[in-house]
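Student: Chain by chain, the residues run as shown.
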Amino acid sequence: EAGVTQSPTHLIKTRGQQATLRCSPISGHTSVYWYQQALGLGLQFLLWYDEGEERNRGNFPPRFSGRQFPNYSSELNVNALELEDSALYLCASSPGTSTTNEKLFFGSGTQLSVL
Amino acid sequence: QKEVEQDPGPLSVPEGAIVSLNCTYSNSAFQYFMWYRQYSRKGPELLMYTYSSGNKEDGRFTAQVDKSSKYISLFIRDSQPSDSATYLCAMRGGAAGNKLTFGGGTRVLVKP
Chain A
1 EAGVTQSPTH
11 LIKTRGQQAT
21 LRCSPISGHT
31 SVYWYQQALG
41 LGLQFLLWYD
51 EGEERNRGNF
61 PPRFSGRQFP
71 NYSSELNVNA
81 LELEDSALYL
91 CASSPGTSTT
101 NEKLFFGSGT
111 QLSVL
Chain B
1 QKEVEQDPGP
11 LSVPEGAIVS
21 LNCTYSNSAF
31 QYFMWYRQYS
41 RKGPELLMYT
51 YSSGNKEDGR
61 FTAQVDKSSK
71 YISLFIRDSQ
81 PSDSATYLCA
91 MRGGAAGNKL
101 TFGGGTRVLV
111 KP
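Going down the list, the sequences are from chains A and B.
Heads up, the first sequence is in the numbering used here, so the first residue is 1 and it goes up one at a time.
Heads up, the second sequence is in the numbering used here, so the first residue is 1 and it goes up one at a time.
A portion of the hints provided could be inaccurate.
What the hints assert, rightly or not - No more than 25 Å apart at the CA atoms, straight line, and that leaves these computed lysine to any residue pairs for SDA-like:
1) K56(B) - L41(A)
2) K56(B) - S7(A)
3) K42(B) - D58(B)
4) K42(B) - S7(A)
5) K99(B) - L41(A)
6) K2(B) - F64(A)
7) K70(B) - E82(A)
8) K56(B) - F60(A)
9) K111(B) - G54(B)
10) K111(B) - S68(B)
11) K2(B) - K13(A)
12) K2(B) - R22(A)
13) K70(B) - S82(B)
14) K111(B) - R22(A)
15) K2(B) - L39(A)
16) K13(A) - E82(A)
17) K13(A) - E75(A)
18) K13(A) - P70(A)
19) K99(B) - G16(A)
20) K2(B) - K111(B)
21) K103(A) - N55(B)
22) K56(B) - K67(B)
23) K13(A) - V108(B)
24) K56(B) - V108(B)
25) K103(A) - K111(B)
26) K56(B) - Q1(B)
27) K99(B) - K13(A)
28) K99(B) - R60(B)
29) K13(A) - R63(A)
30) K111(B) - D7(B)
31) K2(B) - A17(B)
32) K2(B) - S7(A)
33) K2(B) - E75(A)
34) K13(A) - K70(B)
35) K70(B) - R22(A)
If you're looking for bench data, these hints aren't it; they were derived computationally from the structure.
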């Protein structure tokens, strides 16, 4: 069974540009989560989507946005990139809010470098 | 103060030793507790998942949760060089729903 897949693996942008990161959840999973892992800061929660709806949002500015498609894949968009946006962006999936035993499974991440 | 505290290490042990890791937390609403292992440049991998207080064992790994003290632990027996990684505790519950709150991670090095 395929795990969570993320693309691209690496992304290099310059300040002010926009970045688009993509995530495909495990087959059958309807929930997708995005986390930012910056050096020295640990994993910070960004966004949670379930059944195409945004369910929760972390303490990040509005230039961080995303969406979930009907096939449950997801996109994270970061506008007006800043140097401090350089980080590993991790996507995770879980079966969905209808279950009581939600376990998150992570992809390998997209390393975003802002120059 | 962070919601979940975890010593960053590094923790260096000889092969075969017991690795002891722990996290403390402040939010009494947390009910589900997890340990993830993360190798360099990879995503976190779920190791252990426990609900409420108590112990759980899985092979060489034992997870303990003490909700009264807001303290969780992970023990790795007979440690191997392949156990060298960063270990992250994570937890959720209450109003946070399915959102996980992570500790900062402890880097572990098992020397042959």
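Student: Hints numbered earlier in the text: which of these fail when held up against the supplied structure?
Tutor: When the structure is compared with the hints, numbers 1, 2, 7, 8, 9, 10, 11, 12, 13, 14, 18, 19, 20, 23, 25, 26, 27, 28, 31, 32, 33, 34, 35 turn out to be violated.
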